[in-house]
Amino acid sequence: MYLFQQSADNAPTNFDPETLWNSLYGLLNSFLYRVPYLLIALIVFAMFLGIAKLVSRAILTAGQRTRLDVTLAEMLGRLASFVIAILGAFVAAVIIFPAFKPGDLVAGLGITSVAVGFAFKDVLQNFFAGILILWRKPFLVGDELKFKEYEGTVEEITVRSTRLRTFDGERAVIPNGDIYANAVLVKTAFDSRRVKFIVGIGYPDDIEKGRQTIGRVLESIRGVQTDPGPWIYVSELAPSSVNFTVYFWVQSEQANVLRVSDQVATGIKYALDKARIEMPYPHNVVILQNAETDVSTASMTDRKEGKRFLPHVAPPSQRRA
Numbered sequence: 354m355y356l357f358q359q360s361a362d363n364a365p366t367n368f369d370p371e372t373l374w375n376s377l378y379g380l381l382n383s384f385l386y387r388v389p390y391l392l393i394a395l396i397v398f399a400m401f402l403g404i405a406k407l408v409s410r411a412i413l414t415a416g417q418r419t420r421l422d423v424t425l426a427e428m429l430g431r432l433a434s435f436v437i438a439i440l441g442a443f444v445a446a447v448i449i450f451p452a453f454k455p456g457d458l459v460a461g462l463g464i465t466s467v468a469v470g471f472a473f474k475d476v477l478q479n480f481f482a483g484i485l486i487l488w489r490k491p492f493l494v495g496d497e498l499k500f501k502e503y504e505g506t507v508e509e510i511t512v513r514s515t516r517l518r519t520f521d522g523e524r525a526v527i528p529n530g531d532i533y534a535n536a537v538l539v540k541t542a543f544d545s546r547r548v549k550f551i552v553g554i555g556y557p558d559d560i561e562k563g564r565q566t567i568g569r570v571l572e573s574i575r576g577v578q579t580d581p582g583p584w585i586y587v588s589e590l591a592p593s594s595v596n597f598t599v600y601f602w603v604q605s606e607q608a609n610v611l612r613v614s615d616q617v618a619t620g621i622k623y624a625l626d627k628a629r630i631e632m633p634y635p636h637n638v639v640i641l642q643n644a645e646t647d648v649s650t651a652s653m654t655d656r657k658e659g660k661r662f663l664p665h666v667a668p669p670s671q672r673r674a
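Residue numbering for the sequence shown is 354 to 674, as defined by the numbering used here.
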C-alpha cells in the first residue's frame, strides 16, 4: 500500500489545459489568417477551370471548321483542359502555401518518370500511335481493311486501340501500336478496286471467239465499271486449256465485290456453254481390265481430241493355258 501511494505521488503530471488551449487558439488563428488566401486560391482555381473549358470548346470548334477528326479534337481538348487545370492547381497551392515550390514537385516527378515510363511503355506507345493514326488518317471509320488475320470494317478509332467488325460478325480490338508498326491493307481507300478472274477454254476452240464471249458477259453486268474497262488476255497455255486472265473494276466494298464476282463467274459459264466453247478440266477415268491385267487409271483432259482408252489385252504367247 505504501509503495503504490508513493509511486502515485511521484507520477509526473504533463496535462496542462492552458497549453492545450494556446495550441488550439494558435491553430484557429492561423486558419483564420489563411481563410482569405484560401478563398482567393479557390477563386483562381475556378477561373482556371473555366479557362480550361473554354479552350476545350475552342479546340472542338476549330476541329469542326478544319475538318479535323472528332476523336482527335476531343482528345486534344481534354489534354489542353487537363494541363490548364494542373497549372491552376499549382497557382492555388502557391497562394495558400507561399513556401510551396512547384519546381521541387516537378523535379521529384522527373525522378520517377523513368520508372513510370518503363511501367507504362505499351500504354504510352498505343497512346502516341493513336494520336498519329487520328492525325495522319491512313484509314477512317467505315473503311474496310485487312490486318494480319483480321479483316473487316473499322467501327471506332480511339487513342488506345482500333475496333474492327469482321466480315464474320465478330469484333476485333487491335492495339494502335501494332497497327502503326505493321502493314495494313485498306481495301476501301479508293472508290474502285480491281478483281482478277481466270477462265480456261479448250485448245481446239477459237481464242478470239472465247475472248469476245467473255467480253460480252462483262459488258452486260451492271456492277462492272467501264472506266477503266475490263481487260481480257491470254495468260497461260496450260496442259489442258488455254487460260484467259480477266481483269475488271468494281466498287471497293466487300459485299459489292462478292456480288459482282458471282455474276461474272455465272455469266461466263452460261455464255461459254451456249457458244459451245469447252471449259476443260483434268479428271480421271478408271478402266477395269480382265483378270490377266491390272486395274489402271488413265487421265483424260480433253474429250474433243477423241482419245479412247481401251483395256490392254495380253498377247496369246503370254496368256495362261
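If you are wondering where the hints come from, they were derived from the structure by calculation, not from laboratory data.
Please note that a few of the clues may not be correct.
Taking lysine to aspartate or glutamate and the EDC-like style, the derived pairs with C-alpha atoms no more than 16 Å apart in a straight line are [stated by the list, open to error]:
{"hint": "1", "residue 1": "LYS499", "residue 2": "GLU523"}
{"hint": "2", "residue 1": "LYS627", "residue 2": "ASP559"}
{"hint": "3", "residue 1": "LYS549", "residue 2": "GLU508"}
{"hint": "4", "residue 1": "LYS549", "residue 2": "GLU509"}
{"hint": "5", "residue 1": "LYS490", "residue 2": "GLU509"}
{"hint": "6", "residue 1": "LYS540", "residue 2": "GLU589"}
{"hint": "7", "residue 1": "LYS501", "residue 2": "ASP531"}
{"hint": "8", "residue 1": "LYS540", "residue 2": "GLU508"}
{"hint": "9", "residue 1": "LYS406", "residue 2": "ASP422"}
{"hint": "10", "residue 1": "LYS562", "residue 2": "ASP626"}
{"hint": "11", "residue 1": "LYS490", "residue 2": "ASP422"}
{"hint": "12", "residue 1": "LYS562", "residue 2": "GLU631"}
{"hint": "13", "residue 1": "LYS540", "residue 2": "ASP496"}
{"hint": "14", "residue 1": "LYS499", "residue 2": "GLU427"}
{"hint": "15", "residue 1": "LYS540", "residue 2": "GLU631"}
{"hint": "16", "residue 1": "LYS499", "residue 2": "ASP521"}
{"hint": "17", "residue 1": "LYS474", "residue 2": "ASP422"}
{"hint": "18", "residue 1": "LYS540", "residue 2": "GLU502"}
{"hint": "19", "residue 1": "LYS622", "residue 2": "GLU572"}
{"hint": "20", "residue 1": "LYS499", "residue 2": "ASP531"}
{"hint": "21", "residue 1": "LYS490", "residue 2": "GLU508"}
{"hint": "22", "residue 1": "LYS627", "residue 2": "ASP558"}
Label-pair restraints from in silico Cβ distances [as the list claims (entries may be wrong)]:
{"hint": "23", "residue 1": "TYR503", "residue 2": "ILE396", "range": "48 to 58 Å"}
{"hint": "24", "residue 1": "PRO389", "residue 2": "VAL494", "range": "44 to 54 Å"}
{"hint": "25", "residue 1": "ARG420", "residue 2": "ASP544", "range": "44 to 54 Å"}
{"hint": "26", "residue 1": "PRO491", "residue 2": "ARG518", "range": "17 to 27 Å"}
Because the structure is a prediction, the values reported are computed rather than measured.
Glycine included, C-beta positions come from ideal geometry on N, C-alpha and C.
We went through each hint and held it up to the structure:
1. LYS499 to GLU523: holds, 14 Å
2. LYS627 to ASP559: holds, 14 Å
3. LYS549 to GLU508: violated, 28 Å
4. LYS549 to GLU509: Violated, because 31 Å separates the two Cα atoms, which is more than 16 Å.
5. LYS490 to GLU509: holds, 13 Å
6. LYS540 to GLU589: violated, 28 Å
7. LYS501 to ASP531: holds, 10 Å
8. LYS540 to GLU508: holds, 15 Å
9. LYS406 to ASP422: It is violated: about 19 Å lies between the C-alpha atoms, which goes past 16 Å.
10. LYS562 to ASP626: Answer holds: LYS562 to ASP626 is near 13 Å, not above 16 Å.
11. LYS490 to ASP422: holds, 8 Å
12. LYS562 to GLU631: holds, 12 Å
13. LYS540 to ASP496: Holds, at roughly 7 Å.
14. LYS499 to GLU427: With a Cα-Cα distance of about 27 Å, the restraint between LYS499 and GLU427 is violated, given a limit of 16 Å.
15. LYS540 to GLU631: Measuring from Cα to Cα gives roughly 35 Å; hence the hint is violated.
16. LYS499 to ASP521: Holds, at roughly 13 Å.
17. LYS474 to ASP422: violated, 26 Å
18. LYS540 to GLU502: Satisfied, since the Cα-Cα distance of roughly 14 Å is no more than 16 Å.
19. LYS622 to GLU572: Holds: LYS622 and GLU572 sit about 15 Å apart, inside 16 Å.
20. LYS499 to ASP531: holds, 13 Å
21. LYS490 to GLU508: holds, 14 Å
22. LYS627 to ASP558: holds, 13 Å
23. TYR503 to ILE396: 48 to 58 Å: With Cβ atoms ~53 Å apart, the hint holds.
24. PRO389 to VAL494: 44 to 54 Å: holds, 52 Å
25. ARG420 to ASP544: 44 to 54 Å: violated, 19 Å
26. PRO491 to ARG518: 17 to 27 Å: The hinted range 17 to 27 Å holds for PRO491 and ARG518, with Cβ atoms some 18 Å apart.
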